[in-house]
Amino acid sequence: EPEVTQTPSHQVTQMGQEVILRCVPISNHLYFYWYRQILGQKVEFLVSFYNNEISEKSEIFDDQFSVERPDGSNFTLKIRSTKLEDSAMYFCASIELAGGPRYFGPGTRLTVL
Amino acid sequence: SQELEQSPQSLIVQEGKNLTINCTSSKTLYGLYWYKQKYGEGLIFLMMLQKGGEEKSHEKITAKLDEKKQQSSLHITASQPSHAGIYLCGADDPTSGTYKYIFGTGTRLKVLA
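Protein sequences, first through last, are from chains A and B.
One point on numbering: in the numbering used here, the residue at position 18 of the first sequence is 59, and numbering is uninterrupted.
One point on numbering: in the numbering used here, the residue at position 28 of the second sequence is 75, and numbering is uninterrupted.
Read the hints as simulated data drawn from the structure, not as lab findings.
Remember, it's a predicted structure, so these values are computed and weren't measured experimentally.
Built from N, CA and C at the ideal position, the CB exists for glycine as well.
The reader is advised that the hints may include incorrect statements.
To be verified - Part of the chain B face toward chain A, derived, beta carbon under 10 Å:
no.: 1; residue: L58
no.: 2; residue: E62
no.: 3; residue: G89
no.: 4; residue: F92
no.: 5; residue: L93
no.: 6; residue: G99
no.: 7; residue: G100
no.: 8; residue: E101
no.: 9; residue: D140
no.: 10; residue: T145
no.: 11; residue: Y146
no.: 12; residue: K147
no.: 13; residue: Y148
no.: 14; residue: I149
no.: 15; residue: T152
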C-alpha cells in the first residue's frame, strides 16, 4: 500500500525561527497539498501545487509560507518566521489524477514557543 | 465556496448503541470521504462515496450518499470504545481548479464502556 510520509513527526521551535516541514508524496502523484489543523479545530486548506508551481492558496498562506518540490520527490512547506498561532498539525496530501483518492500523510505537529 | 456541516458536533453513547453522523454540503458533492481522527493525531481514511445513492460498509460502519449528492451519513452499529474519536467528512471543492479538498466541522464521538 503506497503511503505519504512526513518528517519530522513533531517539531518544536522558538517564535521567529524558520521551520521546514517535509513530505514525500506517492511517487506517481501529480497534485500536492498542505493542510493545517489547529488543535481542536477544523482541517484547513493551505496550498495546492501542480506542475512545479502553486496552483491555489488560501488566505492563511501568506508571505511567511512557501512550498517547494526541490528534487522531484520531497515536497516541503517552509514557514519563515514562526508565530505562536502557527502551532498546529500540518498534513501533506497527494493525488495521482484529478478527482482520484486523496492520500494524507500522518502529519507534523508544530509547536511554537 | 462549498461548505460542509456536520451534525452533531459531539456525541456520547453507551457501548453497544447505534449512532449516526451526518454531513451536509451547500453544493453537490463530487466525491465524499469519511475519515476518523484521534485527538491530535493523523487522519485515517474510512470510505469514499461518489455516486448518488451509494452505500458502503466496512465492519460495523456504513456510509451513504443521498441521491441528490448533498448529504452523507455515517452509521455505526453496536458501537465500541474503539470507535471513539473525531469523524470528519471531506469533499472535493468543485469550484477549485486544483481539486482542493475541504473538510467538515467534525463530530467528536465518545463511547462509554
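For the restraint on B/E62, tell me whether the closest CB of chain A is nearer than 10 Å. violated (25 Å)
Under the criterion of a CB-CB separation shorter than 10 Å, is B/K147 in contact with chain A as hinted? OK, holds: B/K147 within 10 Å of chain A, min 5 Å.
Hold the hint about B/L58 up to the distance rule: shortest CB distance to chain A must be less than 10 Å. Hint on B/L58: violated, closest Cβ of chain A at ~16 Å, above 10 Å.
Under 10 Å, Cβ to Cβ, is where B/G99 needs to be relative to chain A, so tell me if that hint holds or is violated. Violated: closest Cβ of chain A sits about 16 Å from B/G99, beyond 10 Å.
Minimum Cβ distance from B/L93 to chain A below 10 Å? violated (12 Å)
Does the nearest C-beta of chain A fall within a distance shorter than 10 Å of the C-beta of B/T152? Holds. Min distance 6 Å.
When the nearest CB of chain A is found for B/Y146, is that gap smaller than 10 Å? Where the cut-off is 10 Å and the nearest Cβ of chain A is about 5 Å from B/Y146, the hint holds.
When the least beta-carbon distance from B/I149 to chain A is tested against 10 Å, hint result: The hint holds - B/I149 has a Cβ within 10 Å of chain A, the shortest such distance being about 7 Å.
Under 10 Å, Cβ to Cβ, is where B/Y148 needs to be relative to chain A, so tell me if that hint holds or is violated. At about 6 Å, which falls below the 10 Å cut-off, the nearest Cβ of chain A leaves the hint on B/Y148 intact, so it holds.
Going by Cβ atoms only, is B/F92 closer than 10 Å to chain A? Interface hint status for B/F92: holds (7 Å vs cutoff 10 Å).
A closest beta-carbon separation below 10 Å is what the hint needs, so does B/T145 meet it against chain A? holds (4 Å)
For the hint on B/D140, just tell me whether its beta-carbon gets within less than 10 Å of chain A. holds (8 Å)
Hint violations for this structure: numbers 1, 2, 5, 6, 7, 8, all remaining hints satisfied.
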